[in-house]
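Enquirer: One letter stands for each residue in the lines below.
2 protein chains.
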Amino acid sequence: MEVVVSIQDIRERVKSFRENQLTVGFVPTMGALHEGHLSLVKKAKGENDKTVVSIFVNPLQFGKNEDFRQYPRTFDNDCELLSKEGVDIVFHPKASEMYPEGFCTLVIPEHLEDKLCGKLRPGHFRGVAVIVLKLFNLVKPDVAYFGQKDFQQTVIIKRIVSDLNLDVNISVLPTIRNKEGLALSSRNAYLSETEREGALCLYKALAKAQSTINAGIINTKEIVQEMEKIIRNCKSATIDYVSVVNPETLEEVPRVSSGDVATLAVRIGKTRLIDNIICVSTI
Amino acid sequence: MEVVVSIQDIRERVKSFRENQLTVGFVPTMGALHEGHLSLVKKAKGENDKTVVSIFVNPLQFGKNEDFRQYPRTFDNDCELLSKEGVDIVFHPKASEMYPEGFCTLVIPEHLEDKLCGKLRPGHFRGVAVIVLKLFNLVKPDVAYFGQKDFQQTVIIKRIVSDLNLDVNISVLPTIRNKEGLALSSRNAYLSETEREGALCLYKALAKAQSTINAGIINTKEIVQEMEKIIRNCKSATIDYVSVVNPETLEEVPRVSSGDVATLAVRIGKTRLIDNIICVSTI
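The listed protein sequences correspond, in order, to chains A and B.
Using my numbering, the letters of the first sequence map in sequence onto residues 1 to 283.
Using my numbering, the letters of the second sequence map in sequence onto residues 284 to 566.
Same shape as in the complex, but just chain A (with noise of 0.2 Å):
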């Protein structure tokens, strides 16, 4: 496995691929790497001629009063996990080089952009959406792979690959739980282990919403309502959002059909956890 560290040597990495017609697969990642991560690099692994990982936490991406000084930087550990899977590469950027001075162009999901966390985190996906635009454009990949758990992202994604006629699939793969449900995250490692009782919550509400679709309730109003109740439940828990969103467009459905969205951010104390499911139902 080589980690590159700049533009000019993963530029020649991706040639000396694209001539010898290797597919690439790619995930992108903010490091602080767990299991929900290398479900992603296994597929990855699993369905290309070459991996590469890139770990890069991206400053335009964090709010003015968020974590991107303490977010949990292991960049060893992360290493030695994907030597362990048999990456090929680890992409690992300077700041300095991704962001040069004069630097100006934004890539704005608009309408999509300020929606369920976008309302409480403004610039958070013009941020995601801007890196992930170079990455692919650096990496050029024929498919890269992200986490059903960053819901939102997935959906602006796939819109901006679409709208800019990006050539690459994207891959969402399903969220990675604990066996008691609690999604992986990195932010995670913020809990202490009172509050990472207290985050089952978001996954119980969840599963409140399926039920009571099961049951045969389908009002969206409804279905908030049950999952809102459990967590008001939780003393630690404090909502930022709860809906059912199509899946697409994000807006709040009125009545939930198949592939609708039941998703929430919660914050445990100080930290803010997201969390979703896909909904079925047979009505």
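Be aware that one or more of the hints could be misleading.
Said to hold, decoys possible - Straight-line distance between alpha carbons at most 25 Å, and here's what the computed DSS-like set of lysine-lysine pairs gives:
hint : chain 1 : residue 1 : chain 2 : residue 2
1    : B       : 518       : B       : 462
2    : A       : 64        : A       : 15
3    : A       : 119       : A       : 15
4    : A       : 158       : B       : 377
5    : B       : 367       : B       : 398
6    : B       : 326       : B       : 347
7    : B       : 441       : B       : 487
8    : A       : 115       : A       : 15
9    : B       : 504       : B       : 402
10   : A       : 270       : A       : 64
11   : B       : 512       : B       : 553
12   : A       : 15        : B       : 298
13   : B       : 441       : A       : 15
14   : A       : 158       : B       : 298
15   : B       : 328       : B       : 441
16   : A       : 45        : B       : 298
17   : A       : 94        : B       : 441
18   : B       : 553       : B       : 398
19   : B       : 402       : A       : 15
20   : A       : 45        : A       : 115
21   : B       : 518       : B       : 402
Honestly, the hints are just simulated from the structure, not real lab data.
Quantities reported herein were computed from a predicted structural model and do not represent experimental measurements.
Dock chain B against chain A, hints included.
Expert: Same frame as chain A, now just chain B:
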């Protein structure tokens, strides 16, 4: 020469070029071709294995009260000219396929889009940015060719290509003028005979900028005054802007040095024309 209309077809053609290790030169146009465009095509042809020219009057770069509907469309004649030049593919997509329902991605060259022409044509350069990005992603050229006449456009495209790490070289070629100095433009077709006479004031003003510099005056305000004097002598002319700017930031410079660009937009009757020269100073 093949005329390709669909996104799927252009992708297939480009893929086969790539697989055969053929280089691609690309000239994006809005049609209504003149010798300026053809100079780009000739250059592309000379430097690459395959030459692709797009003809697409991009609705996104026209303002509400601008000339989208009346913009000259001379497709059959354009194809004849391009065929004579030995162009391989004309890409002539439909607006409905380029901007399908739900399209919502903005590409914004911040700081650069609201200067010069951008001040008077709000939204114009983000329209240019998005179509050029889309076309680059579809055609995947090694080199794309633009005319110096559209100076601000070239600055913005170079910036976006650099910011987003696109793997394409941008080649900017000199403005082609008629023997009296008028820069060739598809919009010259709007001019009456008298207006065409009046339109010469653009180049005269630019020539005056250079001769003023040659005479040892490098103060931008003085140079701009000299230029404006010449334009005011033309009855049919209304100044949109006259400036001398840095070729990367587009900021007006206080004193002119070599490489700075004297640039102007002038309305001749109802027709808005632009022109510029790269200044040379020996001081």
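Enquirer: Next pair to validate is residue 15 of chain A with residue 298 of chain B; report whether the Cα-Cα distance is within 25 Å.
Expert: Holds, at about 15 Å.
Enquirer: Quickly compare the C-alpha distance for residue 518 of chain B and residue 462 of chain B to 25 Å and report which way the hint goes.
Expert: Status holds; Cα separation ~22 Å.
Enquirer: Going straight from one Cα to the other, do residue 441 of chain B and residue 487 of chain B come out at no more than 25 Å?
Expert: 28 Å, violated
Enquirer: Check the hint pairing residue 45 of chain A with residue 115 of chain A against an upper bound of 25 Å on the C-alpha distance.
Expert: Violated: residue 45 of chain A and residue 115 of chain A sit about 34 Å apart, past 25 Å.
Enquirer: Please verify whether residue 441 of chain B and residue 15 of chain A have alpha carbons no more than 25 Å apart.
Expert: With a Cα-Cα distance of about 22 Å, the restraint between residue 441 of chain B and residue 15 of chain A holds, given a limit of 25 Å.
Enquirer: Are the Cα positions of residue 518 of chain B and residue 402 of chain B separated by 25 Å at most?
Expert: Answer holds: residue 518 of chain B to residue 402 of chain B is near 24 Å, not above 25 Å.
Enquirer: Can you confirm whether the C-alpha distance between residue 270 of chain A and residue 64 of chain A stays at or below 25 Å?
Expert: The given pair, whose Cα atoms are some 15 Å apart, holds under the 25 Å limit.
Enquirer: Given the hint that residue 94 of chain A pairs with residue 441 of chain B, does the C-alpha gap stay at or below 25 Å?
Expert: 22 Å, holds
Enquirer: Is the straight-line distance between the alpha-carbon of residue 553 of chain B and that of residue 398 of chain B 25 Å or less?
Expert: 22 Å, holds
Enquirer: Measure nothing beyond the straight line between the CA atoms of residue 119 of chain A and residue 15 of chain A; if it is 25 Å or shorter, mark the hint as holding.
Expert: 40 Å, violated
Enquirer: Would the pair residue 158 of chain A and residue 377 of chain B pass a check requiring their Cα atoms to be no farther apart than 25 Å?
Expert: 22 Å, holds
Enquirer: Would the hint linking residue 504 of chain B and residue 402 of chain B be met if the CA-CA limit is 25 Å?
Expert: 20 Å, holds
The structure shown violates the earlier hints numbered 2, 3, 5, 6, 7, 8, 19, 20.
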